[in-house]
Amino acid sequence: MTTLKNLKGTAIQFLDADPVVNAGSWASGGAMNTAREVQSGAGTQTSAIAAGGNTPGNNYAIVEEYNGSAWSEVADLNSARNIAGGFGANAEATICYGGRDPGATRGYTESWNGSAWTEVNDMNQARFAFAGPGVGTSTSGMAVAGSPGDTLVETWDGTNWTEVAEINTRRTQGGAAGAANTAAIAFGGYDDGASDYTANAEVWNGSAWTEVNNLNTKRSSNTGSGTSTAALCMSGRGPSPTAWARTENWNGTSWTEVADLATARYDGASGNSSPSTTSIMFAGKSYDGSTIFYALTEEWSFPPVTASVVQEGQMWFNSSSSALKGYGKAAGIPAGTWASGASVNTARYRGIGTGTPTAGLIAGGYNTEVNTEQYNGSAWTEVNNLNTGRDQGGNNVGTYSATLYMSGATTPWPTVKTEVESWDGSSWTEITDVNTARRNSMGAGSQTAAMIATGLINPPISANTELWNGTSWTEVADVNDGRYYVGSAGNSNTAAMLVGGDSPGADADTEIWDGTSWTEVNNLNTGRVALSASGSSTLALAFGGSQDPPVTAATESWNGTSWTEVNDLSTARSGMSQGGGTSGSATGTFAAAGYTTTALTTVEEWTVEEAVATVTTS
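Position one of the sequence shown corresponds to residue 0 (the working numbering), numbered consecutively onward.
Quick caveat, the hints were computed from the structure, so don't treat them as lab data. C-beta atoms are modelled at their ideal positions from N, C-alpha and C, and glycine is treated no differently. Hints may be right or wrong, so weigh each one.
Here are the simulated distance ranges between beta carbons [as the list claims (entries may be wrong)]: (1) VAL119 x ASN250: 52 to 60 Å; (2) ASP195 x GLU118: 54 to 62 Å; (3) THR613 x ASN375: 32 to 40 Å; (4) ASP477 x SER289: 47 to 55 Å; (5) ASP75 x GLU519: 54 to 62 Å; (6) ALA207 x PHE13: 30 to 38 Å; (7) THR138 x ILE11: 40 to 48 Å; (8) GLU72 x SER320: 34 to 42 Å.
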(Lines of atoms letter the chains of each structure in order from A and count residues from 1; the text may use other names and numbers.)
(Lines give C-alpha, C1' and ligand atoms only; values in the text may rest on other atoms or scores of the structure.)
Protein backbone atom coordinates (compact mmCIF):
# COMPACT_ATOMS: atom_id res chain seq x y z
CA MET A 1 0.00 0.00 0.00
CA THR A 2 1.24 3.47 -0.92
CA THR A 3 0.31 6.59 1.02
CA LEU A 4 0.56 9.86 -0.90
CA LYS A 5 0.90 13.04 1.17
CA ASN A 6 1.43 16.72 0.56
CA LEU A 7 0.30 16.64 -3.06
CA LYS A 8 -2.31 19.35 -2.73
CA GLY A 9 -3.69 20.58 -6.05
CA THR A 10 -2.26 17.62 -7.95
CA ALA A 11 -4.65 15.10 -9.49
CA ILE A 12 -3.38 11.51 -9.40
CA GLN A 13 -4.65 8.87 -11.83
CA PHE A 14 -4.46 5.19 -10.82
CA LEU A 15 -3.58 3.14 -13.88
CA ASP A 16 -2.52 -0.40 -14.70
CA ALA A 17 -0.06 0.87 -17.33
CA ASP A 18 1.65 4.12 -18.28
CA PRO A 19 -0.61 6.32 -20.42
CA VAL A 20 -0.06 7.40 -24.01
CA VAL A 21 1.99 10.57 -24.31
CA ASN A 22 0.13 13.40 -25.99
CA ALA A 23 2.22 13.77 -29.10
CA GLY A 24 1.70 13.92 -32.81
CA SER A 25 3.27 15.39 -35.91
CA TRP A 26 2.52 17.19 -39.18
CA ALA A 27 3.65 15.79 -42.53
CA SER A 28 3.44 17.20 -46.04
CA GLY A 29 0.48 16.29 -48.22
CA GLY A 30 -0.30 17.03 -51.85
CA ALA A 31 -0.27 20.66 -52.99
CA MET A 32 -3.49 22.33 -54.17
CA ASN A 33 -3.74 23.47 -57.77
CA THR A 34 -4.66 27.05 -56.82
CA ALA A 35 -2.99 28.87 -53.93
CA ARG A 36 -5.53 30.90 -51.98
CA GLU A 37 -6.86 32.06 -48.61
CA VAL A 38 -10.21 32.13 -46.75
CA GLN A 39 -11.75 29.25 -48.64
CA SER A 40 -14.17 26.84 -46.96
CA GLY A 41 -13.02 23.37 -46.00
CA ALA A 42 -14.67 20.08 -45.10
CA GLY A 43 -13.98 16.38 -44.89
CA THR A 44 -11.16 14.18 -43.69
CA GLN A 45 -7.47 13.55 -44.26
CA THR A 46 -8.30 11.16 -47.10
CA SER A 47 -11.44 12.82 -48.46
CA ALA A 48 -11.54 16.60 -48.21
CA ILE A 49 -12.90 19.51 -50.19
CA ALA A 50 -11.88 23.18 -50.55
CA ALA A 51 -14.34 25.66 -52.01
CA GLY A 52 -14.05 29.31 -53.02
CA GLY A 53 -11.55 31.67 -51.39
CA ASN A 54 -9.56 34.51 -52.87
CA THR A 55 -6.27 36.15 -53.73
CA PRO A 56 -5.98 39.90 -54.43
CA GLY A 57 -8.27 40.72 -57.33
CA ASN A 58 -9.71 37.20 -57.49
CA ASN A 59 -12.89 35.90 -55.88
CA TYR A 60 -12.99 32.19 -56.57
CA ALA A 61 -15.74 29.70 -57.32
CA ILE A 62 -13.02 27.06 -57.80
CA VAL A 63 -13.50 23.81 -55.89
CA GLU A 64 -10.83 21.15 -55.31
CA GLU A 65 -11.17 17.64 -53.89
CA TYR A 66 -8.45 15.73 -51.98
CA ASN A 67 -8.11 11.95 -52.08
CA GLY A 68 -5.37 11.56 -49.49
CA SER A 69 -2.48 12.26 -51.86
CA ALA A 70 -3.52 14.77 -54.53
CA TRP A 71 -6.00 17.60 -55.19
CA SER A 72 -8.21 17.64 -58.29
CA GLU A 73 -10.44 20.40 -59.58
CA VAL A 74 -14.13 19.49 -59.63
CA ALA A 75 -17.30 21.43 -60.46
CA ASP A 76 -17.30 25.10 -59.42
CA LEU A 77 -19.63 26.66 -56.88
CA ASN A 78 -22.65 28.39 -58.35
CA SER A 79 -21.64 31.59 -56.55
CA ALA A 80 -18.02 32.68 -56.18
CA ARG A 81 -17.28 33.72 -52.60
CA ASN A 82 -14.67 33.97 -49.86
CA ILE A 83 -14.67 33.69 -46.05
CA ALA A 84 -17.51 31.19 -46.36
CA GLY A 85 -18.16 28.26 -44.04
CA GLY A 86 -18.18 24.56 -44.80
CA PHE A 87 -18.91 21.23 -43.18
CA GLY A 88 -19.25 17.61 -44.23
CA ALA A 89 -18.23 14.11 -43.27
CA ASN A 90 -16.24 13.64 -46.49
CA ALA A 91 -15.65 15.15 -49.94
CA GLU A 92 -18.75 13.47 -51.39
CA ALA A 93 -21.30 15.19 -49.13
CA THR A 94 -20.60 18.76 -47.98
CA ILE A 95 -22.22 22.14 -47.45
CA CYS A 96 -20.78 25.57 -48.32
CA TYR A 97 -22.61 28.48 -46.73
CA GLY A 98 -22.48 32.25 -46.31
CA GLY A 99 -19.43 34.27 -47.29
CA ARG A 100 -18.67 37.46 -49.09
CA ASP A 101 -18.25 38.52 -52.70
CA PRO A 102 -17.46 41.93 -54.19
CA GLY A 103 -21.16 42.73 -54.17
CA ALA A 104 -22.28 41.93 -50.67
CA THR A 105 -22.35 39.59 -47.69
CA ARG A 106 -24.26 36.43 -48.61
CA GLY A 107 -26.41 33.82 -46.91
CA TYR A 108 -26.28 31.44 -49.88
CA THR A 109 -26.09 27.74 -49.09
CA GLU A 110 -24.92 25.12 -51.58
CA SER A 111 -24.94 21.34 -51.20
CA TRP A 112 -22.35 19.06 -52.88
CA ASN A 113 -23.18 15.45 -53.74
CA GLY A 114 -19.83 14.44 -55.15
CA SER A 115 -20.51 15.68 -58.69
CA ALA A 116 -22.50 18.93 -58.59
CA TRP A 117 -23.41 21.89 -56.36
CA THR A 118 -27.10 22.58 -55.71
CA GLU A 119 -28.47 25.78 -54.20
CA VAL A 120 -30.57 25.00 -51.13
CA ASN A 121 -32.20 27.16 -48.44
CA ASP A 122 -30.34 30.31 -47.45
CA MET A 123 -29.17 31.09 -43.94
CA ASN A 124 -31.45 33.22 -41.77
CA GLN A 125 -28.68 35.80 -41.33
CA ALA A 126 -26.24 36.47 -44.16
CA ARG A 127 -22.71 36.65 -42.79
CA PHE A 128 -19.05 35.69 -43.27
CA ALA A 129 -15.85 35.00 -41.31
CA PHE A 130 -17.38 32.31 -39.14
CA ALA A 131 -15.78 30.54 -36.21
CA GLY A 132 -15.08 27.17 -37.61
CA PRO A 133 -15.56 27.69 -40.42
CA GLY A 134 -18.14 24.98 -39.62
CA VAL A 135 -19.14 21.96 -37.58
CA GLY A 136 -20.85 18.69 -38.43
CA THR A 137 -22.06 16.83 -41.52
CA SER A 138 -24.08 17.74 -44.59
CA THR A 139 -27.27 16.84 -42.73
CA SER A 140 -26.38 17.97 -39.20
CA GLY A 141 -24.18 21.05 -39.08
CA MET A 142 -23.66 24.43 -37.41
CA ALA A 143 -22.63 27.94 -38.39
CA VAL A 144 -21.01 29.61 -35.39
CA ALA A 145 -20.67 33.40 -34.92
CA GLY A 146 -19.23 35.45 -37.81
CA SER A 147 -19.79 38.98 -39.13
CA PRO A 148 -22.16 40.73 -38.85
CA GLY A 149 -23.69 39.34 -35.72
CA ASP A 150 -20.64 37.91 -34.00
CA THR A 151 -22.59 35.81 -31.49
CA LEU A 152 -25.24 34.32 -33.77
CA VAL A 153 -25.46 30.54 -34.15
CA GLU A 154 -27.55 28.56 -36.64
CA THR A 155 -27.97 24.82 -37.00
CA TRP A 156 -28.56 22.94 -40.28
CA ASP A 157 -30.76 19.82 -40.42
CA GLY A 158 -30.19 18.91 -44.07
CA THR A 159 -33.00 21.17 -45.26
CA ASN A 160 -33.32 24.30 -43.15
CA TRP A 161 -31.33 26.66 -40.94
CA THR A 162 -32.57 27.35 -37.39
CA GLU A 163 -31.32 30.04 -35.03
CA VAL A 164 -30.31 28.62 -31.63
CA ALA A 165 -28.71 29.95 -28.44
CA GLU A 166 -25.99 32.51 -29.09
CA ILE A 167 -22.37 32.01 -28.15
CA ASN A 168 -21.10 33.91 -25.08
CA THR A 169 -18.03 35.57 -26.63
CA ARG A 170 -18.34 37.59 -29.82
CA ARG A 171 -15.92 36.34 -32.47
CA THR A 172 -15.04 36.24 -36.14
CA GLN A 173 -12.48 34.03 -37.92
CA GLY A 174 -12.00 31.59 -35.08
CA GLY A 175 -11.85 27.82 -34.98
CA ALA A 176 -14.46 25.21 -34.20
CA ALA A 177 -14.83 21.45 -34.14
CA GLY A 178 -17.62 18.94 -33.79
CA ALA A 179 -19.14 15.92 -35.47
CA ALA A 180 -22.77 17.10 -35.36
CA ASN A 181 -24.98 20.10 -34.50
CA THR A 182 -25.56 18.72 -30.99
CA ALA A 183 -21.95 18.79 -29.73
CA ALA A 184 -19.26 21.30 -30.66
CA ILE A 185 -16.44 23.51 -29.40
CA ALA A 186 -15.49 27.01 -30.61
CA PHE A 187 -12.15 28.63 -29.85
CA GLY A 188 -10.10 31.70 -30.63
CA GLY A 189 -11.01 34.41 -33.11
CA TYR A 190 -11.31 38.17 -33.00
CA ASP A 191 -13.64 39.53 -30.31
CA ASP A 192 -15.27 42.69 -31.64
CA GLY A 193 -16.68 43.44 -28.19
CA ALA A 194 -13.24 43.59 -26.59
CA SER A 195 -11.50 44.79 -29.80
CA ASP A 196 -8.91 42.10 -29.24
CA TYR A 197 -7.91 38.59 -30.19
CA THR A 198 -9.33 35.93 -27.90
CA ALA A 199 -8.22 32.64 -26.36
CA ASN A 200 -11.77 31.92 -25.19
CA ALA A 201 -13.19 28.44 -25.76
CA GLU A 202 -16.83 27.37 -25.44
CA VAL A 203 -18.57 24.01 -25.66
CA TRP A 204 -22.07 23.44 -27.14
CA ASN A 205 -24.23 20.62 -25.73
CA GLY A 206 -27.17 20.94 -28.11
CA SER A 207 -28.97 23.67 -26.16
CA ALA A 208 -26.42 26.02 -24.56
CA TRP A 209 -22.82 27.25 -24.72
CA THR A 210 -20.53 26.83 -21.70
CA GLU A 211 -17.15 28.51 -21.33
CA VAL A 212 -14.29 26.08 -20.73
CA ASN A 213 -10.52 26.42 -20.36
CA ASN A 214 -8.92 28.91 -22.75
CA LEU A 215 -6.37 28.25 -25.45
CA ASN A 216 -2.79 28.84 -24.33
CA THR A 217 -2.38 31.52 -27.01
CA LYS A 218 -5.07 33.95 -28.09
CA ARG A 219 -5.35 34.19 -31.86
CA SER A 220 -7.63 34.71 -34.85
CA SER A 221 -7.70 33.45 -38.44
CA ASN A 222 -7.06 30.01 -36.99
CA THR A 223 -8.81 26.79 -37.85
CA GLY A 224 -9.62 23.54 -36.13
CA SER A 225 -10.89 19.99 -36.42
CA GLY A 226 -12.06 17.10 -34.28
CA THR A 227 -14.90 16.77 -31.82
CA SER A 228 -16.11 18.66 -28.75
CA THR A 229 -13.98 16.40 -26.53
CA ALA A 230 -10.91 15.82 -28.74
CA ALA A 231 -9.96 18.71 -31.01
CA LEU A 232 -7.04 20.50 -32.63
CA CYS A 233 -6.51 24.25 -32.99
CA MET A 234 -3.88 25.18 -35.55
CA SER A 235 -2.38 28.21 -37.26
CA GLY A 236 -3.58 31.78 -36.81
CA ARG A 237 -2.17 35.22 -36.10
CA GLY A 238 -2.02 37.78 -33.33
CA PRO A 239 -2.07 41.58 -33.30
CA SER A 240 0.57 41.77 -36.07
CA PRO A 241 0.08 40.01 -39.40
CA THR A 242 2.82 37.50 -38.61
CA ALA A 243 1.61 33.96 -39.25
CA TRP A 244 1.75 31.24 -36.61
CA ALA A 245 2.48 27.53 -36.85
CA ARG A 246 1.21 26.86 -33.30
CA THR A 247 -0.93 23.80 -32.73
CA GLU A 248 -2.88 22.98 -29.57
CA ASN A 249 -4.70 19.78 -28.58
CA TRP A 250 -7.99 19.71 -26.61
CA ASN A 251 -8.64 16.60 -24.48
CA GLY A 252 -12.08 17.58 -23.24
CA THR A 253 -10.66 19.47 -20.27
CA SER A 254 -7.62 21.53 -21.27
CA TRP A 255 -5.44 22.67 -24.16
CA THR A 256 -1.86 21.47 -24.63
CA GLU A 257 0.68 22.80 -27.12
CA VAL A 258 1.82 20.05 -29.48
CA ALA A 259 3.99 19.93 -32.63
CA ASP A 260 3.89 23.05 -34.82
CA LEU A 261 2.87 23.13 -38.46
CA ALA A 262 5.84 23.00 -40.82
CA THR A 263 4.64 26.23 -42.46
CA ALA A 264 3.25 29.09 -40.38
CA ARG A 265 0.07 30.56 -41.86
CA TYR A 266 -3.36 32.01 -41.22
CA ASP A 267 -6.68 32.18 -43.07
CA GLY A 268 -6.28 28.56 -44.15
CA ALA A 269 -8.87 25.79 -43.94
CA SER A 270 -9.16 22.33 -42.45
CA GLY A 271 -11.21 19.19 -42.75
CA ASN A 272 -13.68 19.89 -39.97
CA SER A 273 -15.08 16.41 -39.44
CA SER A 274 -11.77 14.62 -38.97
CA PRO A 275 -10.98 13.17 -35.56
CA SER A 276 -8.17 14.96 -33.75
CA THR A 277 -5.91 11.97 -34.40
CA THR A 278 -5.93 12.47 -38.20
CA SER A 279 -6.47 16.05 -39.27
CA ILE A 280 -5.65 18.06 -42.38
CA MET A 281 -4.92 21.74 -43.08
CA PHE A 282 -4.53 23.44 -46.45
CA ALA A 283 -3.91 26.78 -48.19
CA GLY A 284 -3.76 30.07 -46.24
CA LYS A 285 -1.25 32.90 -46.25
CA SER A 286 1.57 34.53 -44.31
CA TYR A 287 3.02 37.99 -44.17
CA ASP A 288 6.74 38.71 -44.04
CA GLY A 289 7.02 42.13 -45.58
CA SER A 290 4.68 41.03 -48.35
CA THR A 291 1.87 38.50 -48.55
CA ILE A 292 2.52 34.87 -49.53
CA PHE A 293 -0.40 32.67 -50.59
CA TYR A 294 -0.02 28.93 -50.08
CA ALA A 295 -1.23 25.84 -51.87
CA LEU A 296 0.40 23.67 -49.18
CA THR A 297 -1.33 20.78 -47.44
CA GLU A 298 -0.25 19.34 -44.10
CA GLU A 299 -1.56 16.19 -42.43
CA TRP A 300 -1.65 15.55 -38.69
CA SER A 301 -1.08 12.10 -37.23
CA PHE A 302 -1.47 11.02 -33.62
CA PRO A 303 -0.76 7.52 -32.30
CA PRO A 304 -3.85 5.40 -31.59
CA VAL A 305 -5.07 5.93 -28.07
CA THR A 306 -4.86 2.57 -26.31
CA ALA A 307 -4.84 4.00 -22.80
CA SER A 308 -5.40 7.27 -21.05
CA VAL A 309 -3.62 10.23 -22.62
CA VAL A 310 -1.22 12.04 -20.35
CA GLN A 311 -0.34 15.71 -20.74
CA GLU A 312 2.45 17.88 -19.38
CA GLY A 313 2.35 18.21 -15.60
CA GLN A 314 0.09 15.21 -14.98
CA MET A 315 0.90 12.47 -12.48
CA TRP A 316 -0.31 8.91 -12.05
CA PHE A 317 0.24 5.82 -9.94
CA ASN A 318 1.20 2.76 -11.99
CA SER A 319 -0.30 -0.11 -10.00
CA SER A 320 1.57 -2.81 -11.92
CA SER A 321 4.98 -1.35 -11.06
CA SER A 322 3.89 0.26 -7.77
CA ALA A 323 5.45 3.56 -8.88
CA LEU A 324 4.29 7.16 -8.78
CA LYS A 325 5.11 8.79 -12.12
CA GLY A 326 4.82 12.12 -13.88
CA TYR A 327 5.15 13.50 -17.39
CA GLY A 328 6.91 16.61 -18.63
CA LYS A 329 8.47 17.85 -21.84
CA ALA A 330 12.16 18.60 -21.67
CA ALA A 331 12.73 22.32 -21.29
CA GLY A 332 14.64 23.64 -24.27
CA ILE A 333 17.22 21.49 -25.99
CA PRO A 334 19.58 19.77 -23.50
CA ALA A 335 17.64 16.51 -23.31
CA GLY A 336 17.79 16.00 -27.07
CA THR A 337 19.65 13.31 -28.99
CA TRP A 338 20.94 12.72 -32.52
CA ALA A 339 19.66 9.73 -34.50
CA SER A 340 20.33 8.50 -38.03
CA GLY A 341 18.08 9.68 -40.82
CA ALA A 342 17.87 8.64 -44.47
CA SER A 343 21.02 9.43 -46.47
CA VAL A 344 21.00 12.01 -49.25
CA ASN A 345 21.52 10.81 -52.81
CA THR A 346 24.55 12.95 -53.64
CA ALA A 347 27.54 13.50 -51.34
CA ARG A 348 28.28 17.17 -50.75
CA TYR A 349 29.54 19.79 -48.34
CA ARG A 350 29.12 23.56 -48.04
CA GLY A 351 25.59 23.41 -49.48
CA ILE A 352 22.53 25.14 -48.03
CA GLY A 353 19.70 23.55 -46.08
CA THR A 354 16.36 24.43 -44.53
CA GLY A 355 13.20 22.81 -43.19
CA THR A 356 12.61 20.02 -40.69
CA PRO A 357 13.33 16.28 -40.37
CA THR A 358 9.99 15.60 -42.06
CA ALA A 359 10.09 18.34 -44.71
CA GLY A 360 13.66 19.31 -45.58
CA LEU A 361 15.62 20.76 -48.50
CA ILE A 362 19.32 20.87 -49.42
CA ALA A 363 20.88 22.50 -52.48
CA GLY A 364 24.25 23.19 -54.04
CA GLY A 365 27.55 22.35 -52.41
CA TYR A 366 31.07 21.52 -53.44
CA ASN A 367 31.26 19.28 -56.53
CA THR A 368 27.45 19.12 -56.75
CA GLU A 369 26.95 22.79 -57.63
CA VAL A 370 23.39 22.65 -58.97
CA ASN A 371 21.89 19.57 -57.32
CA THR A 372 18.76 19.99 -55.12
CA GLU A 373 17.08 17.34 -52.94
CA GLN A 374 13.86 17.33 -50.89
CA TYR A 375 13.09 15.18 -47.83
CA ASN A 376 9.68 13.84 -46.78
CA GLY A 377 10.74 12.25 -43.49
CA SER A 378 11.65 8.89 -45.03
CA ALA A 379 13.58 9.52 -48.27
CA TRP A 380 15.43 12.24 -50.20
CA THR A 381 14.34 12.91 -53.78
CA GLU A 382 16.30 14.83 -56.41
CA VAL A 383 14.27 17.73 -57.78
CA ASN A 384 14.97 20.60 -60.18
CA ASN A 385 18.50 22.01 -60.14
CA LEU A 386 19.73 25.49 -59.31
CA ASN A 387 20.18 27.75 -62.31
CA THR A 388 23.69 28.73 -61.19
CA GLY A 389 25.85 26.04 -59.62
CA ARG A 390 27.64 27.16 -56.44
CA ASP A 391 28.54 26.37 -52.86
CA GLN A 392 28.99 28.33 -49.62
CA GLY A 393 25.74 30.32 -49.95
CA GLY A 394 23.77 31.92 -47.12
CA ASN A 395 22.00 29.22 -45.11
CA ASN A 396 18.82 28.71 -43.06
CA VAL A 397 16.18 30.72 -44.92
CA GLY A 398 12.50 29.83 -45.23
CA THR A 399 11.02 26.36 -45.54
CA TYR A 400 11.54 23.31 -47.73
CA SER A 401 8.99 24.72 -50.21
CA ALA A 402 9.90 28.42 -50.01
CA THR A 403 13.55 29.36 -49.62
CA LEU A 404 16.40 31.43 -51.06
CA TYR A 405 19.91 30.54 -52.20
CA MET A 406 21.90 33.72 -51.56
CA SER A 407 25.31 34.54 -53.01
CA GLY A 408 28.07 31.87 -52.72
CA ALA A 409 31.07 30.79 -54.81
CA THR A 410 31.46 29.06 -58.16
CA THR A 411 34.09 28.13 -60.73
CA PRO A 412 36.69 29.25 -61.54
CA TRP A 413 36.81 28.74 -57.79
CA PRO A 414 36.34 30.78 -55.76
CA THR A 415 34.45 33.32 -57.86
CA VAL A 416 32.03 35.03 -55.46
CA LYS A 417 28.48 35.72 -56.63
CA THR A 418 25.74 38.29 -56.07
CA GLU A 419 23.06 36.06 -57.61
CA VAL A 420 20.01 35.06 -55.54
CA GLU A 421 17.58 32.29 -56.48
CA SER A 422 14.12 31.65 -55.05
CA TRP A 423 12.63 28.13 -54.61
CA ASP A 424 8.84 27.72 -54.86
CA GLY A 425 8.63 24.02 -54.04
CA SER A 426 9.26 22.85 -57.60
CA SER A 427 11.80 25.12 -59.33
CA TRP A 428 14.42 27.84 -58.80
CA THR A 429 13.95 31.36 -60.19
CA GLU A 430 16.59 34.09 -60.33
CA ILE A 431 15.53 37.22 -58.44
CA THR A 432 17.19 40.48 -57.36
CA ASP A 433 20.93 40.21 -56.58
CA VAL A 434 22.45 41.12 -53.23
CA ASN A 435 24.54 44.27 -53.20
CA THR A 436 27.77 42.59 -52.01
CA ALA A 437 29.13 39.40 -53.56
CA ARG A 438 30.35 37.00 -50.88
CA ARG A 439 30.73 33.38 -49.80
CA ASN A 440 30.53 31.52 -46.47
CA SER A 441 27.96 34.03 -45.16
CA MET A 442 25.09 33.67 -42.67
CA GLY A 443 21.44 33.67 -43.63
CA ALA A 444 18.16 33.89 -41.72
CA GLY A 445 14.49 34.71 -42.14
CA SER A 446 11.97 33.72 -44.77
CA GLN A 447 11.64 33.75 -48.52
CA THR A 448 10.14 37.25 -48.42
CA ALA A 449 11.88 38.69 -45.35
CA ALA A 450 15.47 37.43 -45.28
CA MET A 451 18.92 38.62 -44.28
CA ILE A 452 22.50 37.89 -45.27
CA ALA A 453 25.52 39.01 -43.27
CA THR A 454 29.29 38.79 -43.08
CA GLY A 455 31.26 36.37 -45.31
CA LEU A 456 34.36 36.40 -47.49
CA ILE A 457 34.76 38.71 -50.50
CA ASN A 458 38.05 37.10 -51.67
CA PRO A 459 39.57 38.90 -49.83
CA PRO A 460 38.79 40.70 -47.51
CA ILE A 461 36.38 39.52 -44.83
CA SER A 462 33.08 41.41 -45.00
CA ALA A 463 31.05 42.64 -42.02
CA ASN A 464 28.25 43.80 -44.32
CA THR A 465 24.58 43.03 -43.50
CA GLU A 466 21.70 43.21 -45.99
CA LEU A 467 17.93 42.79 -45.50
CA TRP A 468 15.45 41.47 -48.10
CA ASN A 469 11.84 42.69 -48.15
CA GLY A 470 10.61 40.47 -50.95
CA THR A 471 11.58 43.00 -53.62
CA SER A 472 14.96 44.55 -52.88
CA TRP A 473 18.08 44.32 -50.67
CA THR A 474 19.02 47.11 -48.25
CA GLU A 475 22.36 47.50 -46.46
CA VAL A 476 22.02 47.94 -42.70
CA ALA A 477 24.32 47.87 -39.66
CA ASP A 478 27.48 45.74 -39.95
CA VAL A 479 28.27 42.83 -37.65
CA ASN A 480 30.78 43.61 -34.89
CA ASP A 481 33.16 40.76 -35.75
CA GLY A 482 33.42 40.19 -39.49
CA ARG A 483 34.05 36.52 -40.31
CA TYR A 484 33.17 33.67 -42.63
CA TYR A 485 32.27 29.96 -42.41
CA VAL A 486 29.71 30.95 -39.72
CA GLY A 487 26.63 29.26 -38.28
CA SER A 488 23.29 31.08 -38.33
CA ALA A 489 19.82 30.74 -36.82
CA GLY A 490 16.60 32.71 -36.94
CA ASN A 491 13.16 32.58 -38.49
CA SER A 492 12.98 36.35 -38.96
CA ASN A 493 15.11 39.12 -40.45
CA THR A 494 14.42 41.10 -37.27
CA ALA A 495 15.68 38.45 -34.81
CA ALA A 496 18.62 36.27 -35.77
CA MET A 497 21.94 34.89 -34.57
CA LEU A 498 25.37 34.27 -36.04
CA VAL A 499 27.87 32.12 -34.22
CA GLY A 500 31.45 30.90 -34.62
CA GLY A 501 33.31 31.17 -37.91
CA ASP A 502 36.78 32.04 -39.22
CA SER A 503 38.08 35.55 -38.45
CA PRO A 504 40.76 34.13 -39.24
CA GLY A 505 41.10 31.19 -36.85
CA ALA A 506 38.35 29.24 -35.09
CA ASP A 507 35.99 31.80 -33.55
CA ALA A 508 33.64 31.34 -30.58
CA ASP A 509 31.93 34.76 -30.82
CA THR A 510 28.11 34.94 -30.84
CA GLU A 511 26.13 37.96 -32.02
CA ILE A 512 22.38 38.64 -31.90
CA TRP A 513 20.48 40.79 -34.44
CA ASP A 514 17.46 42.69 -33.12
CA GLY A 515 16.31 44.24 -36.40
CA THR A 516 18.50 47.31 -35.98
CA SER A 517 21.94 46.29 -34.70
CA TRP A 518 24.21 43.41 -33.75
CA THR A 519 25.06 42.76 -30.08
CA GLU A 520 27.83 40.49 -28.85
CA VAL A 521 26.65 37.93 -26.27
CA ASN A 522 28.23 34.94 -24.54
CA ASN A 523 30.65 32.87 -26.59
CA LEU A 524 30.46 29.22 -27.59
CA ASN A 525 32.36 26.86 -25.33
CA THR A 526 34.27 25.56 -28.35
CA GLY A 527 35.33 27.92 -31.13
CA ARG A 528 34.95 26.46 -34.61
CA VAL A 529 34.61 27.18 -38.33
CA ALA A 530 32.25 25.70 -40.95
CA LEU A 531 29.77 24.81 -38.22
CA SER A 532 25.98 24.63 -38.51
CA ALA A 533 23.26 26.17 -36.36
CA SER A 534 19.46 26.16 -36.22
CA GLY A 535 16.60 27.53 -34.16
CA SER A 536 16.08 31.12 -33.13
CA SER A 537 17.95 33.91 -31.37
CA THR A 538 16.51 32.72 -28.03
CA LEU A 539 16.65 28.93 -28.45
CA ALA A 540 19.27 27.49 -30.77
CA LEU A 541 21.59 24.62 -31.47
CA ALA A 542 25.19 24.85 -32.80
CA PHE A 543 26.83 21.66 -34.00
CA GLY A 544 29.80 20.22 -35.85
CA GLY A 545 32.43 22.26 -37.65
CA SER A 546 36.19 22.30 -37.55
CA GLN A 547 38.49 23.47 -34.80
CA ASP A 548 40.89 24.27 -37.63
CA PRO A 549 41.75 21.30 -37.49
CA PRO A 550 40.26 18.77 -36.51
CA VAL A 551 36.57 18.34 -37.38
CA THR A 552 34.29 18.10 -34.35
CA ALA A 553 31.01 16.46 -33.36
CA ALA A 554 30.49 18.90 -30.48
CA THR A 555 26.92 20.18 -30.04
CA GLU A 556 25.90 23.14 -27.89
CA SER A 557 22.49 24.56 -26.98
CA TRP A 558 21.64 28.26 -26.54
CA ASN A 559 18.93 29.24 -24.04
CA GLY A 560 18.90 32.95 -24.83
CA THR A 561 21.73 33.68 -22.37
CA SER A 562 24.47 31.07 -22.57
CA TRP A 563 25.73 27.96 -24.41
CA THR A 564 25.64 24.48 -22.84
CA GLU A 565 27.38 21.39 -24.17
CA VAL A 566 24.87 18.63 -25.01
CA ASN A 567 24.94 15.30 -26.86
CA ASP A 568 27.44 15.16 -29.74
CA LEU A 569 26.75 14.26 -33.34
CA SER A 570 27.43 10.60 -34.09
CA THR A 571 29.84 11.64 -36.87
CA ALA A 572 32.19 14.59 -36.58
CA ARG A 573 31.80 16.77 -39.65
CA SER A 574 31.94 20.30 -41.04
CA GLY A 575 30.22 22.13 -43.88
CA MET A 576 26.81 20.51 -43.29
CA SER A 577 23.48 21.45 -44.81
CA GLN A 578 21.06 21.84 -41.92
CA GLY A 579 17.37 22.32 -41.24
CA GLY A 580 15.37 23.65 -38.34
CA GLY A 581 16.00 27.28 -38.99
CA THR A 582 12.39 28.38 -39.38
CA SER A 583 10.59 26.73 -36.51
CA GLY A 584 11.66 29.19 -33.83
CA SER A 585 13.24 26.31 -31.93
CA ALA A 586 15.87 23.73 -32.60
CA THR A 587 13.84 20.74 -31.49
CA GLY A 588 13.43 19.52 -35.08
CA THR A 589 16.83 19.89 -36.74
CA PHE A 590 18.72 17.79 -39.28
CA ALA A 591 22.42 17.74 -40.17
CA ALA A 592 22.87 16.52 -43.77
CA ALA A 593 26.02 15.53 -45.63
CA GLY A 594 29.17 17.55 -44.79
CA TYR A 595 32.87 16.69 -44.73
CA THR A 596 35.26 14.62 -42.60
CA THR A 597 38.07 13.41 -44.85
CA THR A 598 35.67 13.18 -47.77
CA ALA A 599 32.20 14.41 -48.74
CA LEU A 600 29.39 12.57 -46.89
CA THR A 601 25.83 11.44 -47.66
CA THR A 602 24.83 10.59 -44.08
CA VAL A 603 22.10 12.51 -42.20
CA GLU A 604 21.42 12.92 -38.50
CA GLU A 605 18.23 14.23 -36.89
CA TRP A 606 17.94 16.01 -33.52
CA THR A 607 14.87 15.51 -31.39
CA VAL A 608 13.79 16.49 -27.90
CA GLU A 609 11.63 13.77 -26.44
CA GLU A 610 8.92 14.00 -23.86
CA ALA A 611 9.87 12.27 -20.66
CA VAL A 612 8.00 9.98 -18.32
CA ALA A 613 9.81 9.83 -14.98
CA THR A 614 9.32 8.06 -11.70
CA VAL A 615 8.59 10.57 -8.96
CA THR A 616 10.77 10.23 -5.87
CA THR A 617 8.84 10.70 -2.65
CA SER A 618 9.79 10.78 1.00
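Quick rundown of the hints versus the structure:
1. VAL119 x ASN250: 52 to 60 Å: Check failed, 36 Å falls outside 52 to 60 Å.
2. ASP195 x GLU118: 54 to 62 Å: At roughly 37 Å between Cβ atoms, GLU118 and ASP195 fall outside 54 to 62 Å, so the hint is violated.
3. THR613 x ASN375: 32 to 40 Å: Holds: the Cβ-Cβ distance is about 37 Å, inside 32 to 40 Å.
4. ASP477 x SER289: 47 to 55 Å: About 26 Å separates the Cβ atoms of ASP477 and SER289, which means 47 to 55 Å is violated.
5. ASP75 x GLU519: 54 to 62 Å: 58 Å, holds
6. ALA207 x PHE13: 30 to 38 Å: The hint (30 to 38 Å, Cβ to Cβ) holds, given that ALA207 and PHE13 are roughly 33 Å apart.
7. THR138 x ILE11: 40 to 48 Å: 43 Å, holds
8. GLU72 x SER320: 34 to 42 Å: Hint violated: Cβ distance 56 Å, outside 34 to 42 Å.
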